[in-house]
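Colleague: Sequence:
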Amino acid sequence: MNKRTFLKFFALTTGSLALASSTEHGGSASHHSAPNTQELQEMANKMFAEVISQNDYYVNHQGSAFFEKLKNSQHPRATIIGCSDSRFQSDALDKTAENDLFIIRNIGNQFSSNMGSVEYGIRHLNTPLLIIVGHSRCGAIKAALSDYSAEGPHIIQELDSLSLAVRKTSLSGTEEAKWLSAVISNVHQQTYYAEKEFKGDVESGKLTIVGVVYDLANDFNNGYGRLKIVNINGETNPEKIMQFPLMKSLFKPVHV
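Numbering that gives the first Met the number 0 applies: residue 0 is where the sequence shown begins, and numbers increase by one.
Simulated from the structure, these hints should not be mistaken for laboratory data.
Misleading hints may appear alongside valid ones.
Pairwise CB distance ranges (calculated) [stated by the list, open to error]:
1) H74 to G204: 16 to 22 angstroms
2) E202 to N98: 26 to 32 angstroms
3) Y57 to G222: 27 to 33 angstroms
With a Cα cut of at most 27 angstroms, we get these calculated BS3-like pairs of lysine-lysine [claimed, not checked]:
4) K94 to K205
5) K195 to K205
6) K195 to K247
7) K247 to K177
8) K195 to K239
9) K205 to K177
From a predicted model like this one, the values you see are computed outputs, not experimental measurements.
All C-beta atoms, glycine included, are put in the ideal place defined by N, C-alpha and C.
Given the sequences, and given the hints that come with them, work out the whole structure.
Modeller: In structure tokens, the structure reads:
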């Protein structure tokens, strides 16, 4: 996807993301025994060899001219708050993300966990767009809805703040439906925190805050991997969302 048509991706308003659904983050119903030390070492050796190999390919494929353009400064057009889940990567948003996306990631795509980084993207790099990306089947969300008291202190601290967001939603239906509702609720809450922090920028039109859910599991029944726009500048009504200039720009008539 051409980076200059990045926003066109939002025309597909139903989507997929994902944070780790492993049991250590409370995400999966099934339990897998942890690899032993030898298996972990073998995994690390193999993975690191692949990282070096892939880096070599990347460098050779891009060429020195590519890096010459990047070496002195960055000029991203969007700040992204995304989940740390390995199933979500920048390719889902932009195939040429270098110098285009300023990305902050943590479990549960939380604003408060990395406020300094977000502020840098908006106030210092002057990105006019902040996108908060949640995802279906998010392990952190599931953990925040359950008893996570056995986790380590740092994970508990992250989940405590996340729990404040997801427990505000009235959940009903199947377990999967409740899970998805909590994911959406969290995106709304993180958008609220960001809008409150950057209220002046939003009101002046310098910044637009968009909340989306990346639909890893086709939970919205609109296809795997699509983005579902659920919030723009605090507005959650789908009909009103469509009235924002950001959305209208996606559906300009094509003149042949």
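Colleague: Now, for every hint given, state plainly whether the structure supports it.
Modeller: Hint check:
no.: 1; hint: H74 to G204: 16 to 22 angstroms; in the structure: holds (20 angstroms)
no.: 2; hint: E202 to N98: 26 to 32 angstroms; in the structure: holds (29 angstroms)
no.: 3; hint: Y57 to G222: 27 to 33 angstroms; in the structure: holds (29 angstroms)
no.: 4; hint: K94 to K205; in the structure: holds (25 angstroms)
no.: 5; hint: K195 to K205; in the structure: holds (14 angstroms)
no.: 6; hint: K195 to K247; in the structure: holds (25 angstroms)
no.: 7; hint: K247 to K177; in the structure: violated (31 angstroms)
no.: 8; hint: K195 to K239; in the structure: holds (20 angstroms)
no.: 9; hint: K205 to K177; in the structure: violated (35 angstroms)
In summary, the structure is inconsistent with hints 7 and 9 from the numbered list given earlier, while agreeing with the others.
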